[in-house]
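The chain contents come next:
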Amino acid sequence: MEQRIAQAEPRNHPQPKVLRMAPVLRGLIWATIGFVVFDLFTVAVDPYRGNPLVTEPSAVIGWVGGLLGWLLGVGGYEEMILPLFGSPSTWVEPKDWRRYFGLSTNHKVIGIQYLFSSSSIFLIAGLDAMAMRYELMQPSMHFFTYTGQYLTAVGIHGSLMMFGVGTVAMISGLGNYFVPLMIGAKRTVFSRLSGIGHWLLPAGALTLIASPLLGYWDTGWRGYEPLASQDPGGMVYYYLGIFAMTFSTILSAVNLSATIIFHRAKGMTWARLPLFVWGILTVSLLNLIWQPEIEMTFVMALLDKLIPFHFWDALGSPETYLSMFWLFGHPEVYIIVLPAFAMWNEIIPVMAQKNLFARDWAIIGLIFVMMLSGLVWAHHMFTNMRNSEMFPFAFFTEMISIPTGFSFMAAIGTLWKARLRLTTPSLLVLMSLFNFVVGGLTGVYLADPPVNLQVHDTFFVIAHFHYTIIGGMIFTWIASMYYWLPKFSGRMYNETWGKLLAIWIFIGFNGTFGQMFLLGLDGMNRWVPAYPPYLKPMNYEVSLFAFFLGAGFIAHAIHIIWAWRNGPKAPENPWHSRTLEWLTTSPPPENNFDGEVEVVRGFYRYDHDEPSAYLVKDASESQ
Amino acid sequence: MDVENHEPTGILQQQWNRRQVIWGGVGVTAAALISLFAKPDIVSLARNLVGSPVSSGKINLYQFDYYYIPNYMTWRVGDKLEVTLQNQSHTHWHEWTIGRKLNMDYFQGFGYMDADAWAIDFWDGVDVTLSDPYKIDNFVPNKAHVTYVGPKGPYQITTGGDFSPTLQPGGSLKLTFTVPNKPGLWHFGCFVQEFIHYRDGMQGLINILPA
Ligand code: HEM
Ligand SMILES: [Cu+2]
Ligand SMILES: [Cu+2]
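Top to bottom, those sequences are chains A and B.
Residues in the first sequence are numbered from 1 upward in steps of one, following this note's numbering.
Residues in the second sequence are numbered from 624 upward in steps of one, following this note's numbering.
It is possible that part of the hints are untrue.
Which residues of chain B face chain A? A partial, calculated answer using Cβ under 7 angstroms [what the hints assert, rightly or not]:
1. Val644
2. Ile645
3. His713
Derived pair list, reagent style SDA-like, types lysine to any residue, alpha-carbon separation capped at 20 angstroms [as the list claims (entries may be wrong)]:
4. Lys662(B) - Pro212(A)
5. Lys805(B) - Gln643(B)
6. Lys536(A) - Val461(A)
7. Lys95(A) - Asp594(A)
8. Lys662(B) - His810(B)
9. Lys797(B) - Ala653(B)
10. Lys95(A) - Val644(B)
11. Lys662(B) - Glu56(A)
12. Lys681(B) - Phe143(A)
13. Lys662(B) - Leu214(A)
14. Lys766(B) - Gly793(B)
15. Lys681(B) - Gly50(A)
16. Lys805(B) - Asn761(B)
17. Lys775(B) - Asn804(B)
18. Lys17(A) - Val706(B)
19. Lys95(A) - Gln643(B)
20. Lys797(B) - Asn761(B)
21. Lys662(B) - Val54(A)
22. Lys681(B) - Arg49(A)
23. Lys797(B) - Lys662(B)
24. Lys662(B) - Lys17(A)
25. Lys95(A) - Arg641(B)
26. Lys662(B) - Phe144(A)
27. Lys17(A) - Thr752(B)
28. Lys681(B) - Thr752(B)
29. Lys662(B) - Phe143(A)
30. Lys797(B) - Arg49(A)
It should be emphasised that the hints constitute simulated quantities derived from the structure, not laboratory data.
Just so you know, these numbers come straight off a predicted model, no measurement behind them.
All C-beta atoms in this analysis are idealised placements derived from N, C-alpha and C, irrespective of residue type, glycine included.
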């Protein structure tokens with residue numbers, strides 16, 4: 001039937017425009033132009049003594065220009081600026097592989113962009129770790145020339161890993177891809193914002209990587225003041241790089257929490273919300289509280305450096321920075337592991353085909369970890385305080401193991417007497433549970449002031465937090481990648497290789513970080529490129545294990561990429577999972593579901609065969 | 624109903640190919656790695672290509688955290704120079720030494736670090752006049768022949784180490800001298816705080832041309 005629809009003729013663009021350059025490349029060129037223009041402008045209006053072309057203030061303002069150029073170049077100009085001034089957006093996303101190289105508003109594309117960016121950052125920060133371990137193979141300096149070089153490597157490694165991998169891979173990556181699918185939504189609420197948010201991540205990572213161009217900095221990932229105020233100019237790119245990366249996380253948090261609140265399918269009550277979605281919701285709230293806090297701290301620190309303000313040196317209050325940093329810094333570690341906790345309880349019931357044990361308590365655990373996480377920060381400052389102040393923080397820190405235990409116990413309870421299918425994802429989750437217990441138990445020791453004062457800033461601490469972060473989050477991230485691979489690609493990985501590689505990284509990981517506990521107890525300090533020679537044999541061995549581990553991560557990446565493209569075709573729902581993402585085709589179509597999703601019961605019961613949701617193609621079929 | 628799929632005219636069509644992305648990416652990565660790891664080489668290459676003008680008369684030398692502006696100068700033997708040294712840092716003490724042969728070979732975590740001075744001090748036997756002192760922390764004349772103009776009070780003349788005026792934050796000092804017959808490349812740097820300033824980049828180069 002002929003339909004007449006009143007439609008205004010597009011006015012502004014009589015000729016179709018053609019973009020002959022990939023948006024990422026255009027972004028880089030515009031970023032360069034933006035930097036140069038803003039930098040020269042700054043130098044022109046506020047010339048520095050001796051007129052150098054790049055000074056600390058001009059590098060900061062130039063960076064703003066560079067960032068604007070980058071965001072406009074990747075598609076922000078057509079998709080954000082033109083509509084802002086009333087013209088129609090001219091941005092049309094390509095439907096093929098090209099869509100991954102520019103601004104996208106599709107949550108699945110954005111999710112994959114995030115996964116790719118954060119895997120690349122993982123690779124770079126990992127190579128950086130290898131350089132550090134190479135240096136530590138000998139007791140004296142032999143690879144890095146200056147201590148500042150080593151410390152910059154440590155700082156870049158830590159910052160990239162925390163702000164570009166830990167906070168990003170599972171939340172912005174897997175979260176963007178799967179949250180809408182798991183709640184039966186067709187799209188996210190703020191899809192444009194989310195699309196631009198991704199491009200802040202590579203911008204921030206590149207800023208951090210470029211920081212040595214302005215000088216080595218030696219504060220590690222915490223940017224400690226007043227130490228930082230003694231550092232050369234590279235410090236400003238630390239602040240700016242993290243600013244961009246955390247901003248990306250904030251945009252993800254806004255978008256994902258709004259999507260979870262407003263875009264749930266019919267029947268998707270709070271009581272039925274999947275575990276992973278709960279994980280993303282709690283973590284997004286954490287992000288919304290704490291990322292702005294640390295951003296403001298860093299903005300203050302940046303101004304302190306450029307002006308300077310003396311917030312935190314002898315004229316101000318040197319310990320305030322410690323508190324401001326750790327007020328965020330401790331929640332940050334929960335931001336990293338909460339999605340992993342949630343994912344354990346997503347994968348285990350499916351693999352065991354068994355009801356999730358104490359589902360409500362698993363969620364209450366997530367919520368209480370979220371609430372308590374802001375109360376423990378001073379356990380990082382035991383060396384800076386009076387004995388009487390230590391007790392409350394030791395107490396709260398040990399308290400937090402209780403809600404953590406809820407998530408853990410839900411997993412253990414589900415495993416109890418289960419006939420678990422030992423696939424690669426379940427194997428990796430079991431390994432992750434084991435590693436996290438080691439990290440958690442040593443964490444309890446570190447929360448005891450007498451132990452803490454003994455091993456503070458030694459490799460014992462390094463071992464502890466790598467156990468929680470790599471052991472807890474990275475292992476689970478890889479498990480999730482295998483678990484969802486058939487959904488991403490419609491293809492299956494090779495089970496033998498998957499398991500072999502899982503065992504590989506398990507051995508590599510425990511060989512590396514298990515020995516670091518002993519190193520720490522033996523007196524190996526952190527943040528030093530040279531150490532007493534009696535520690536050499538163990539350090540040498542740790543480095544060998546570390547190289548083995550690094551190769552294992554790369555092998556996993558290669559295997560997953562291979563399976564994504566060439567793996568054998570996977571069945572529609574290979575794990576017999578009941579959550580909604582399996583209700584649609586693999587990979588999912590543009591709008592996720594061709595019909596309306598209607599949820600009728602929860603997803604974690606395997607004691608009956610009733611479906612948990614229906615796909616309603618026609619409104620009259622509705623139940 | 625074709626309305627939804629109807630593509631309006633005047634849209635942005637993307638026409639670019641895989642090769643462009645790959646070569647663009649490779650090029651950008653290469654450029655980034657070069658600028659990250661080969662910065663000094665690029666600078667000296669540019670300097671060789673463009674050259675650098677010979678300074679004469681009055682020179683301003685600024686000290687920042689942790690660099691000098693300029694960090695490269697060309698002088699000519701026999702020229703009369705007046706260098707105004709100014710510490711622009713808000714917080715840090717900085718010095719100025721010129722010399723050759725820095726011994727860095729012995730750096731070991733628990734060994735000794737024989738690297739707080741030059742083996743050859745440029746100012747050895749040079750006639751130099753110091754004037755307009757302001758906020759001077761200390762001054763080591765070493766083997767230079769020094770004339771002091773103006774108040775002697777601000778100087779805390781000490782011994783040990785190379786010829787080195789050390790300025791407090793905001794301090795300044797004028798050094799007047801004739802470039803001695805010591806052609807070739809000379810390094811300058813600040814060794815305050817156990818060498819850390821030097822290692823953090825507080826160094827520079829002087830190319831002295833024969834007369
Ligand atoms: C191949 C695996 C890894 C190895 C061999 C490794 C090794 C190291 C080493 C040697 C240090 C420096 C210790 C010091 O001197 O203070 C370090 C610090 C650190 N690592 Fe890793 N690491 C790895 C992966 C990760 C991952 C996956 C994360 C987080 C997602 C991470 C987060 C950190 C952080 C936050 C620091 C502290 C940096 C700082 O003090 O500023 N690392 N790592
Ligand atoms: Cu903590
Ligand atoms: Cu200095």
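Hint check:
{"no.": "1", "hint": "Val644", "in the structure": "holds, 5 angstroms"}
{"no.": "2", "hint": "Ile645", "in the structure": "violated, 10 angstroms"}
{"no.": "3", "hint": "His713", "in the structure": "holds, 6 angstroms"}
{"no.": "4", "hint": "Lys662(B) - Pro212(A)", "in the structure": "holds, 10 angstroms"}
{"no.": "5", "hint": "Lys805(B) - Gln643(B)", "in the structure": "violated, 54 angstroms"}
{"no.": "6", "hint": "Lys536(A) - Val461(A)", "in the structure": "holds, 19 angstroms"}
{"no.": "7", "hint": "Lys95(A) - Asp594(A)", "in the structure": "holds, 18 angstroms"}
{"no.": "8", "hint": "Lys662(B) - His810(B)", "in the structure": "holds, 18 angstroms"}
{"no.": "9", "hint": "Lys797(B) - Ala653(B)", "in the structure": "violated, 45 angstroms"}
{"no.": "10", "hint": "Lys95(A) - Val644(B)", "in the structure": "holds, 17 angstroms"}
{"no.": "11", "hint": "Lys662(B) - Glu56(A)", "in the structure": "holds, 18 angstroms"}
{"no.": "12", "hint": "Lys681(B) - Phe143(A)", "in the structure": "violated, 42 angstroms"}
{"no.": "13", "hint": "Lys662(B) - Leu214(A)", "in the structure": "holds, 11 angstroms"}
{"no.": "14", "hint": "Lys766(B) - Gly793(B)", "in the structure": "violated, 27 angstroms"}
{"no.": "15", "hint": "Lys681(B) - Gly50(A)", "in the structure": "holds, 13 angstroms"}
{"no.": "16", "hint": "Lys805(B) - Asn761(B)", "in the structure": "violated, 26 angstroms"}
{"no.": "17", "hint": "Lys775(B) - Asn804(B)", "in the structure": "violated, 29 angstroms"}
{"no.": "18", "hint": "Lys17(A) - Val706(B)", "in the structure": "violated, 58 angstroms"}
{"no.": "19", "hint": "Lys95(A) - Gln643(B)", "in the structure": "holds, 18 angstroms"}
{"no.": "20", "hint": "Lys797(B) - Asn761(B)", "in the structure": "holds, 14 angstroms"}
{"no.": "21", "hint": "Lys662(B) - Val54(A)", "in the structure": "holds, 14 angstroms"}
{"no.": "22", "hint": "Lys681(B) - Arg49(A)", "in the structure": "holds, 15 angstroms"}
{"no.": "23", "hint": "Lys797(B) - Lys662(B)", "in the structure": "violated, 32 angstroms"}
{"no.": "24", "hint": "Lys662(B) - Lys17(A)", "in the structure": "violated, 40 angstroms"}
{"no.": "25", "hint": "Lys95(A) - Arg641(B)", "in the structure": "holds, 15 angstroms"}
{"no.": "26", "hint": "Lys662(B) - Phe144(A)", "in the structure": "holds, 16 angstroms"}
{"no.": "27", "hint": "Lys17(A) - Thr752(B)", "in the structure": "violated, 69 angstroms"}
{"no.": "28", "hint": "Lys681(B) - Thr752(B)", "in the structure": "holds, 14 angstroms"}
{"no.": "29", "hint": "Lys662(B) - Phe143(A)", "in the structure": "holds, 18 angstroms"}
{"no.": "30", "hint": "Lys797(B) - Arg49(A)", "in the structure": "holds, 16 angstroms"}
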